[in-house]
Amino acid sequence: MSFPEIKKVKSINFPRVKQTNINSLPFYYLDGLEQPIIKIEVIYNAGESYSENPLLAILTNRMLTEGTKTYTSKEFYEKLDFIAAEINTTTFFENSSISLVCLNKYFKEAIDLLVECINYPRFDENDFKILKENAYQRFQIELEKVNILARREFFKNLFDDHPYGHILELQHFNNVNVKQLKDFFNRLYVESNAQVYMSGHIDDETISMIKDNFKMNPATPHKETIYPITSNRGKKIYINKNDAVQSAIRIGKVIIPRTHPDFIPLSITIFALGGYFGSRLMKRLREEKGYTYGIYSFVFSHKNTNVMTIFTEVNTETTYEAIKCIYEEIDKLCQEPISELELENIKSYLIGQFLRSLDGPINSIEVFKDLNQSGLDFDFYEKYLNCLLNISPETILQMSQRYFSGDYVEVVVGKLN
Amino acid sequence: MLKINVKRYKLSNDLRIVVNEDFTTPLVAVNVLYKVGSKDENPEKTGFAHLFEHLLFTGTKNVANFDEIVQLAYGENNAFTNTDITNYYINLPAINIEIALWLEADRMQFLNINSNSLEVQKKVVIEEFKQHYLNKPYGDVSHLLRSLIYKKHSYQWPTIGKKIEHIENATLLDVEEFYENWYVPNNAILSISGNVNSDEVINLIEKWFGQIPPHKIKLPIIEEEPEKKERTFLQVERNVPSSAIYMAFLMSERRTTLYYAYDMLSDILGNGNSSRLYQSLVKQKPIFSSINSYISGSIDKGYLIIEGKIHNNYSLEQAEEEIWKVINEIPDTISEKELQKQKNKYEANFIGSLIDINNKAEFLAYYEYLFDDANSINYEIEKYNQITINQINKIIKEEIVYNKSVVLYYKKSDL
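Protein chains in written order, with my numbering: chain A, 31 to 447; chain B, 173 to 587.
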């Protein structure tokens with residue numbers, strides 16, 4: 031029986047995100063979900079980098095769901111759970127997010143609760159104390175994990191004095207109080223500092239319900255301080271952790287911004303190195319050597335900068351061999367062009383990834399949100415797709431030679447000998 | 173009620189098929205469930221079902237590199253193994269569905285494993301073992317707990333395996349025997365969800381899977397786990413930032429009505445911030461930094477578990493006593509509203525989990541296995557809705573009791 035032929039995908043339909051405004055608040059949405067579910071996410075420019083103590087951003091965000099002026103924390107969760115809605119908060123370096131997922135039939139009740147959270151959080155002293163202590167304990171557990179330690183050391187050493195390098199430390203827990211949280215909230219959780227993204231099963235009624243009920247603390251002007259990026263190169267940090275049975279490795283450096291013409295081909299090159307299961311690093315360190323369960327390289331994006339990182343956890347016995355293999359794989363990409371077949375693989379895989387990340391409104395709005403926050407839109411992905419369809423082995427070689435040479439920050443945490 | 177359209181077929185070799193047409197997506201998920209998990213393993217060769225799942229990605233006689241073909245067809249594929257099943261899926265544009273069917277049919281009949289691929293995958297799985305079960309705080313809990321809860325049933329080891337040596341000792345002969353016995357059409361369910369026409373797809377399935385011969389399966393004898401008659405207790409000391417407690421209770425099988433009652437009870441106890449344990453022991457009396465309750469969800473007798481991390485100024489004994497207080501308050505205090513809250517949550521979660529076609533295909537295969545009819549997926553929410561306060565009260569009074577408890581103290585060492 032002859033094997034079936036692979037049919038080519040030549041174009042991708044990018045969805046059209048609609049935009050409306052509630053007062054001055056930009057509101058983006060994408061409808062078309064069959065199931066009766068709606069998701070709303072509010073993003074504030076209020077991440078960890080917005081104060082000296084990164085804990086301020088984290089706890090302020092978390093306190094949004096610990097009771098409001100109308101409801102105690104307990105009453106709030108009773109109401110929320112009864113309508114089976116979920117409200118989650120997440121804090122990143124630059125942004126803080128609060129998102130709601132609910133069934134359409136409870137949308138009105140859910141929106142009312144969300145509006146309470148983002149405008150009138152209770153900031154109760156006792157709830158704050160419990161939240162802080164529990165966060166402290168969870169953080170201590172995190173600090174036992176080699177991969178977490180390696181990631182922390184990596185960013186600290188890459189960025190030094192820039193806010194991107196100020197990461198959470200245990201001592202930050204000693205000097206944070208409710209007053210600071212309230213100030214942080216009043217300063218940053220305002221209309222002029224936010225965007226809203228909605229997706230799911232949306233109709234005219236949903237939109238008018240949003241327009242009638244969604245409100246946010248009115249705009250107060252604020253200034254964003256932009257710190258020039260300073261990054262280190264070539265630092266090597268080795269940390270011994272005697273009880274480790276695997277070593278975590280993290281290698282990387284700051285690369286060009288998304289607006290640079292080389293950014294797209296470079297990110298494809300980084301993908302070839304370690305972005306998928308058949309990548310150079312995965313093939314060599316996992317499938318050939320069995321040093322690790324997995325190894326990846328990817329581009330981590332801040333608003334104003336991009337970081338290439340390679341990370342893995344390996345058998346402690348083979349830590350140094352693993353590092354050597356990583357650099358050899360980087361070198362190989364700089365020395366010989368990849369084969370047409372390998373490139374074909376990468377292209378198809380990435381196109382497939384596009385299709386999956388744009389499958390349905392809930393996935394698609396995530397992609398749009400990510401672009402929008404960097405001041406881009408789906409045009410960027412049209413360009414990306416174009417570049418991908420036409421990229422040659424020579425371009426991959428050029429990118430490797432131009433950007434992969436030396437000077438990586440290298441962090442190893444594990445049992446070292 | 174849910175209305176997921178389901179079409180079911182069976183080939184002459186007893187391969188069962190479930191198709192869900194979903195024209196809202198350009199993609200399709202092709203899912204193959206094999207009715208074999210770690211519970212079917214030889215107690216001296218544990219971790220094998222999972223190791224075997226790894227090996228099935230290293231290629232078949234016709235396909236040297238499985239992932240490469242999937243990727244060239246714009247797809248992604250993965251798999252998981254648990255105590256009961258091994259489940260593979262490929263997600264790709266629906267125009268390339270035949271590629272997925274060809275690959276899965278190949279995987280069912282043309283194993284191609286050599287000693288080199290076996291040796292490498294053994295190493296990879298051992299690193300997975302270390303990464304998830306040894307190199308993380310509290311990583312060995314599932315090993316400890318399972319061996320306490322199960323004295324007879326083969327759920328006593330986790331899917332990764334009892335110990336690293338078992339993985340090291342796997343041989344090519346073991347691999348071949350395992351494959352011959354379990355990877356046959358009469359032990360599999362093929363489910364498909366996505367942009368396909370069911371008549372067309374069934375013809376393609378017949379084309380690729382129709383010729384694969386069935387094979388009589390040797391089923392291992394799995395002993396039923398007897399009811400617990402007295403408290404089971406273990407304390408270990410580990411270098412962790414805070415002590416933790418785990419309290420487990422054997423529960424009803426997946427296919428019984430009471431399974432749903434246990435599931436709801438675990439949520440009343442400790443799922444989410446409005447749950448009883450969280451409100452009492454994290455908020456009112458802050459003894460725990462976190463506390464949860466959930467069920468293991470396995471097909472044979474699973475367990476309901478309560479687990480919490482304790483603030484350092486409390487002892488494990490105090491913590492356990494406080495949990496018992498919360499448990500003992502439950503009988504006759506559950507309100508209709510509290511029950512309705514749980515029912516609403518199941519409805520929302522279940523609907524939400526079926527947005528993704530990979531999940532939908534996986535669930536369809538699993539419900540076909542569980543109840544011999546994938547349509548049962550449409551009655552799942554209803555089954556939760558029918559649970560009564562009386563059923564939950566009966567469980568808490570008769571089963572969630574001291575003499576049937578399995579308790580693990582995971583103590584922070586005083587180093």
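FYI, nobody ran anything at the bench for these hints, they're computed from the structure. Ideal Cβ placement from N, Cα and C applies to all residues, glycine included. Honestly, I wouldn't trust all of these hints.
Computed far set for chain B versus chain A, every beta-carbon distance over 12 Å [what the hints assert, rightly or not]: (1) Ile241; (2) Ile502; (3) Asn547.
Okay, derived cross-link-like pairs now, DSSO-like style, lysine-lysine, Cα gap no bigger than 30 Å in a straight line [what the hints assert, rightly or not]: (4) Lys217/B with Lys37/A; (5) Lys584/B with Lys159/A; (6) Lys457/B with Lys209/A; (7) Lys313/A with Lys233/B; (8) Lys294/B with Lys175/A; (9) Lys182/B with Lys455/B; (10) Lys109/A with Lys509/B; (11) Lys576/B with Lys162/A; (12) Lys295/B with Lys354/A; (13) Lys159/A with Lys109/A; (14) Lys457/B with Lys99/A; (15) Lys104/A with Lys217/B; (16) Lys245/A with Lys209/A; (17) Lys109/A with Lys175/A; (18) Lys313/A with Lys217/B.
To see whether the hints hold, each was checked on the structure:
| no. | hint | in the structure |
| --- | --- | --- |
| 1 | Ile241 | violated (8 Å) |
| 2 | Ile502 | holds (17 Å) |
| 3 | Asn547 | holds (18 Å) |
| 4 | Lys217/B with Lys37/A | violated (43 Å) |
| 5 | Lys584/B with Lys159/A | holds (23 Å) |
| 6 | Lys457/B with Lys209/A | holds (24 Å) |
| 7 | Lys313/A with Lys233/B | holds (20 Å) |
| 8 | Lys294/B with Lys175/A | holds (24 Å) |
| 9 | Lys182/B with Lys455/B | violated (54 Å) |
| 10 | Lys109/A with Lys509/B | holds (11 Å) |
| 11 | Lys576/B with Lys162/A | violated (36 Å) |
| 12 | Lys295/B with Lys354/A | holds (19 Å) |
| 13 | Lys159/A with Lys109/A | holds (23 Å) |
| 14 | Lys457/B with Lys99/A | holds (23 Å) |
| 15 | Lys104/A with Lys217/B | violated (49 Å) |
| 16 | Lys245/A with Lys209/A | holds (24 Å) |
| 17 | Lys109/A with Lys175/A | violated (36 Å) |
| 18 | Lys313/A with Lys217/B | holds (28 Å) |
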